[in-house]
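Trainee: Sequence:
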Amino acid sequence: ESILMSLPPLVRWEYQYEPEEGSEEARLYERYIQPQDWLGLK
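Position in the sequence shown (first residue = 1) + 649 = the working numbering.
Watch out, some of these pointers could steer you wrong.
What the hints assert, rightly or not - Quick list of simulated restraints, FRET-style, between CB atoms: (1) R661 - I682: 15 to 21 Å; (2) L656 - G689: 21 to 27 Å; (3) P658 - W687: 32 to 38 Å; (4) P657 - G689: 37 to 43 Å; (5) K691 - L653: 36 to 42 Å; (6) S651 - I682: 23 to 29 Å; (7) L659 - E679: 35 to 41 Å; (8) K691 - S651: 35 to 41 Å; (9) P658 - K691: 40 to 46 Å; (10) L653 - P684: 23 to 29 Å; (11) W687 - E663: 40 to 46 Å; (12) I682 - L656: 29 to 35 Å.
If you are wondering where the hints come from, they were derived from the structure by calculation, not from laboratory data. From the three backbone atoms N, C-alpha and C, an ideal C-beta is built for every residue, glycine too.
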């Protein structure tokens with residue numbers, strides 16, 4: 650609760666958000682938000 654109280658007054662987020670296809674944000678999601686084997690352990 651204290652974390653939510655410290656947020657700016659205009660903060661919002663959407664449940665199961667999907668960025669617009671082809672946008673910079675979509676490329677960010679594709680590259681970094683998806684699980685990846687960064688260390689090459691598999």
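Trainee: Take the hints in turn and mark each one as holding or not.
Mentor: Verification of the supplied hints:
Range check, R661 to I682: about 19 Å between beta-carbon atoms, so the 15 to 21 Å window is met. A hinted range of 21 to 27 Å for the beta carbons of L656 and G689 is inconsistent with their spacing of about 38 Å. At roughly 37 Å, the beta carbons of P658 and W687 sit within the given window of 32 to 38 Å. In this structure the supplied range 37 to 43 Å holds for P657 paired with G689, their Cβ-Cβ distance being about 39 Å.
Against the hinted window of 36 to 42 Å, the Cβ-Cβ separation of K691 and L653 comes to about 37 Å, which satisfies the hint. Between S651 and I682 the C-beta distance comes to about 27 Å, which sits within the given range of 23 to 29 Å. Judged by the Cβ atoms, the range 35 to 41 Å given for L659 and E679 is violated: they are separated by roughly 28 Å. Between K691 and S651 the beta carbon distance is about 39 Å. The supplied range of 35 to 41 Å therefore holds.
The beta-carbon spacing between P658 and K691, approximately 44 Å, falls within the hinted interval of 40 to 46 Å. For the pair L653 and P684, the beta carbons lie near 27 Å from each other, so the given range of 23 to 29 Å is met. W687 and E663 have their C-beta atoms about 27 Å apart, which leaves the hinted 40 to 46 Å range violated. A hinted range of 29 to 35 Å for the beta carbons of I682 and L656 is inconsistent with their spacing of about 21 Å.
In the structure shown, a violation is registered for the earlier hints numbered 2, 7, 11, 12, in ascending order.
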